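As they're listed, the protein sequences go chains H and A.
Quick note on numbering that gives the first Met the number 0: the first sequence kicks off at 0 and runs consecutively.
Quick note on numbering that gives the first Met the number 0: the second sequence kicks off at 0 and runs consecutively.
If you're looking for bench data, these hints aren't it; they were derived computationally from the structure.
A hint or two may mislead.
Stated by the list, open to error - DSS-like mimics (lysine-lysine), calculated; alpha carbons at most 30 Å apart, straight line:
1) H/226 with H/195
2) H/432 with H/323
3) H/226 with H/46
4) H/432 with H/195
5) H/415 with A/12
6) H/432 with A/12
7) H/415 with A/128
8) A/12 with H/408
9) H/46 with H/302
10) H/42 with H/27
11) H/393 with A/12
12) A/59 with H/408
13) H/61 with H/41
14) H/98 with H/152
15) H/302 with H/207
16) H/61 with H/46
17) H/415 with H/430
18) H/41 with H/27
19) H/42 with H/61
20) H/432 with H/415
21) A/59 with H/393
22) A/53 with H/430
23) H/430 with H/61
24) A/21 with H/415
25) A/53 with H/415
26) H/302 with H/41
27) H/408 with H/302
28) H/207 with H/42
29) H/207 with H/432
30) H/271 with H/432
Quantities reported herein were computed from a predicted structural model and do not represent experimental measurements.
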Amino acid sequence: MAERYFQPEIETASREQIRAWQDERLVKQVRHVWENVPYYRKKMEEKGLTPADIKGVDDLHKLPFLSKDDLRDAYPYGLLGAPLKDCVRIHSTSGTTGKRVVAFYTQEDIDLWDDCCARALTAAGATNEDVCQVSYGFGLFTGGAGLNGGSHKVGCLTIPMSSGNTERQIMFIRDLNATILCATPSYAAYLGESMKEMGLTPAQIPLKAGIFGAEAWSEEMRQDIQKTLGIRAFDIYGLTELSGPGVAFECSAQNGMHINEDHFIAEIIDPKTGEVLPDGQQGELVFTALTKKAFPLLRYRTKDICVLSHEPCPCGRTHVKMCKPRGRSDDMLIIRGVNVFPSQIETVLLNMGYPANYQIIVDRVNHTDTLEVQVEMTPEVFTDSMGEIAQRQKALVDGLRSMLGLTAKVSLVAPKTIVRSEGKAVRVIDKRKI
Amino acid sequence: MSVKQISIFLENKPGFLAEVTKVLGQNNIDMRALSVAESSDFGIARIIVDDVYKTTTVLKDAGYINSVIDILAVALPDVPGGLSNVLNVLADAKVNIEYMYAFLGGKTGGAYMVFKVADQDKAAAALNKYRIRMVDQEELGEL
Chain H
0 MAERYFQPEI ETASREQIRA WQDERLVKQV RHVWENVPYY RKKMEEKGLT
50 PADIKGVDDL HKLPFLSKDD LRDAYPYGLL GAPLKDCVRI HSTSGTTGKR
100 VVAFYTQEDI DLWDDCCARA LTAAGATNED VCQVSYGFGL FTGGAGLNGG
150 SHKVGCLTIP MSSGNTERQI MFIRDLNATI LCATPSYAAY LGESMKEMGL
200 TPAQIPLKAG IFGAEAWSEE MRQDIQKTLG IRAFDIYGLT ELSGPGVAFE
250 CSAQNGMHIN EDHFIAEIID PKTGEVLPDG QQGELVFTAL TKKAFPLLRY
300 RTKDICVLSH EPCPCGRTHV KMCKPRGRSD DMLIIRGVNV FPSQIETVLL
350 NMGYPANYQI IVDRVNHTDT LEVQVEMTPE VFTDSMGEIA QRQKALVDGL
400 RSMLGLTAKV SLVAPKTIVR SEGKAVRVID KRKI
Chain A
0 MSVKQISIFL ENKPGFLAEV TKVLGQNNID MRALSVAESS DFGIARIIVD
50 DVYKTTTVLK DAGYINSVID ILAVALPDVP GGLSNVLNVL ADAKVNIEYM
100 YAFLGGKTGG AYMVFKVADQ DKAAAALNKY RIRMVDQEEL GEL
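Starting from the given sequences, assemble the full structure and let the hints guide the process.
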């Protein structure tokens, strides 16, 4: 089957052409940020920079970084790059200490984001003949909105399903003959298992391809999903700060994700020194958004540890490929597609009168992430009444849910039982094998 | 008229209760009554002892979370329907029982019932009215 592209002239452009776009757009974007985002202008001034110093991609390394801390400091409007009258939407994800990251979009930002997702869907084989079920969550989360927009651009009949209600998900896939599925990999695996339990064979499932992202998944998990659903499963990468899914996507080669370089410049840096590393070296992934107007982040540190490759790809796309993120340079966990910082859990515990003695245990059971928070019992929380303790336990589960957007299991353990190494508690035990 | 009940937090893992009772035994603490309540992931041991101060000190030193409350201990008439009679008195007084458990007096051989109720004063008044005998902390040692 011939490779399909959504925007062939861009996706297969020569490296020189891509570089020319990047040079031109970077210069323009730096000026846009300088004029519209005082927060970043100040950062540039501190380094003695003006827009005139940035003449192209070669000068990119001179620009200051942005991190999640900046997003928190500038919350909510400090990094807004367009007048509110031009902004049409926000999306949001969790931040480091409970303050959420809020990202803004103009209509044009959304159009370009939809293009990126449409490229991913087309690479997965979608055309306007397809029925695309979007089972990512809709709402503040970018997953649903991004793939929904991309699916519209491709011209698929789009089912804006959102997550949950597995029975209805399966009913629609079968009754409407859905051919493309967009979901988190763990939910896709769960749907696959559920259909298998119903006695459905891959031949009886109309799906032919799926786009699964927002959380880490292994090659083994890909094989599992492909087998149970009888599809080809493709990875997608993105983050709310940069629009959402579609910053990079997998092609038919299923070996690394092409970064949409006409919209984003990727760099790999040494997370300790901030120094830019040469191609092929592992380090922290940093993105510069070239075309976004409402939330134009320059040199945003993703904290994802990654490697870039400019090796020619058999699919014909010329844009650089990134590997699956191999880890994080901070302590952020991604659980069922949701970003979780241990500090958020600590905030909830302290606010509710618990000591900061806790342990977070993350595991993956039947392809689904589980989160357990172990808390040491205190004399203040303890009473003789089972009901009262259970109520306090439930209040803690509710508190965590409203902070994280996730249901955690809360276990009460005896004092001083949480393992401490060198006097410091080991906060996170991640048992997932990804 | 009431006795002290000590509640101890039990983590849900094998041997936890054995450890608690070992500590009590090593310190010559004699339990008059014991009841264990459990949920899916933790438990509460509720005990009644002669020497409350010593017991709580020992538990605290060993790192066990505990709490002490006043609770009603009733001497049950050793006749058929004895418990039913007591429960009827509490029901008529509209006293809600949160939990209860029984123990035997080692020396007297009599049966006793511990009640945790929502309104202890109301319960005690009702029991008194029907001349149902309650035990206090001092009397525990003689049972």
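Now the hints, each set against the structure:
Proposed proximity of residue 226 of chain H and residue 195 of chain H is supported: the alpha carbons are some 11 Å apart, at most 30 Å. A hinted pair counts as satisfied when its Cα atoms are at most 30 Å apart, and residue 432 of chain H with residue 323 of chain H qualifies at roughly 14 Å. As the CA atoms of residue 226 of chain H and residue 46 of chain H are separated by approximately 53 Å, the hinted pair breaks the 30 Å bound. Distance restraint check for residue 432 of chain H and residue 195 of chain H: the Cα-Cα separation of roughly 24 Å lies within the 30 Å cut-off, and the hinted pair is therefore satisfied.
Between residue 415 of chain H and residue 12 of chain A, the direct Cα distance comes to roughly 15 Å. Compliance with the 30 Å bound is thereby established for this hinted pair. Note on residue 432 of chain H and residue 12 of chain A: the hinted pairing holds, with a Cα-Cα distance of about 26 Å set against a maximum of 30 Å. With a C-alpha separation of about 48 Å, the suggested pair residue 415 of chain H and residue 128 of chain A falls outside the 30 Å cut-off, and the hint is violated. Between residue 12 of chain A and residue 408 of chain H the alpha-carbon distance is near 17 Å, which keeps this suggested pair within the 30 Å criterion.
With a C-alpha separation of about 23 Å, the suggested pair residue 46 of chain H and residue 302 of chain H falls inside the 30 Å cut-off, and the hint holds. Restraint check for residue 42 of chain H and residue 27 of chain H: the C-alpha separation of about 18 Å stays at or below 30 Å, so the hint holds. Distance check on the hinted pair: residue 393 of chain H and residue 12 of chain A sit about 21 Å apart at the alpha-carbon level, within 30 Å; holds. For the hint linking residue 59 of chain A to residue 408 of chain H, the alpha-carbon distance of about 28 Å falls within 30 Å, and the restraint holds.
At most 30 Å may separate the alpha-carbon atoms for a hinted pair to count; residue 61 of chain H and residue 41 of chain H meet this at roughly 14 Å. Distance restraint check for residue 98 of chain H and residue 152 of chain H: the Cα-Cα separation of roughly 33 Å exceeds the 30 Å cut-off, and the hinted pair is therefore not satisfied. Taking the CA atoms of residue 302 of chain H and residue 207 of chain H, the gap is near 33 Å; set against the 30 Å cutoff, the hint is violated. With a C-alpha separation of about 8 Å, the suggested pairing of residue 61 of chain H with residue 46 of chain H holds against the 30 Å cut-off.
The straight-line distance between the Cα atoms of residue 415 of chain H and residue 430 of chain H is roughly 22 Å, inside the 30 Å bound, and the hint therefore holds. Pair hint residue 41 of chain H plus residue 27 of chain H holds up; C-alpha atoms about 18 Å apart against a cutoff of 30 Å. At roughly 11 Å between alpha-carbon atoms, residue 42 of chain H and residue 61 of chain H fall within 30 Å of each other, so this suggested pair holds. Straight-line distance between C-alpha atoms of residue 432 of chain H and residue 415 of chain H comes to about 28 Å, which keeps the hinted pair within the 30 Å bound.
At most 30 Å may separate the alpha-carbon atoms for a hinted pair to count; residue 59 of chain A and residue 393 of chain H meet this at roughly 27 Å. Simply put, residue 53 of chain A and residue 430 of chain H have alpha-carbon atoms about 43 Å apart, too far for the 30 Å limit, and the pair is violated. Pair hint residue 430 of chain H plus residue 61 of chain H does not hold up; C-alpha atoms about 40 Å apart against a cutoff of 30 Å. A hinted pair counts as satisfied when its Cα atoms are at most 30 Å apart, and residue 21 of chain A with residue 415 of chain H qualifies at roughly 19 Å.
A threshold of 30 Å between alpha carbons decides the hint, and for residue 53 of chain A with residue 415 of chain H the separation of about 22 Å falls inside it, so the pair holds. As the CA atoms of residue 302 of chain H and residue 41 of chain H are separated by approximately 23 Å, the hinted pair is consistent with the 30 Å bound. Proposed proximity of residue 408 of chain H and residue 302 of chain H is supported: the alpha carbons are some 27 Å apart, at most 30 Å. Under the criterion of a C-alpha separation no larger than 30 Å, the hint pairing residue 207 of chain H with residue 42 of chain H is inconsistent with the structure, at around 48 Å.
About 27 Å separates the Cα atoms of residue 207 of chain H and residue 432 of chain H, which keeps this hinted pair within 30 Å; it holds. For the given pair, residue 271 of chain H sits about 26 Å from residue 432 of chain H by alpha-carbon distance, which is consistent with the 30 Å threshold.
Going down the numbered hints, you'll see the structure goes against 3, 7, 14, 15, 22, 23 and 28, while the others check out.
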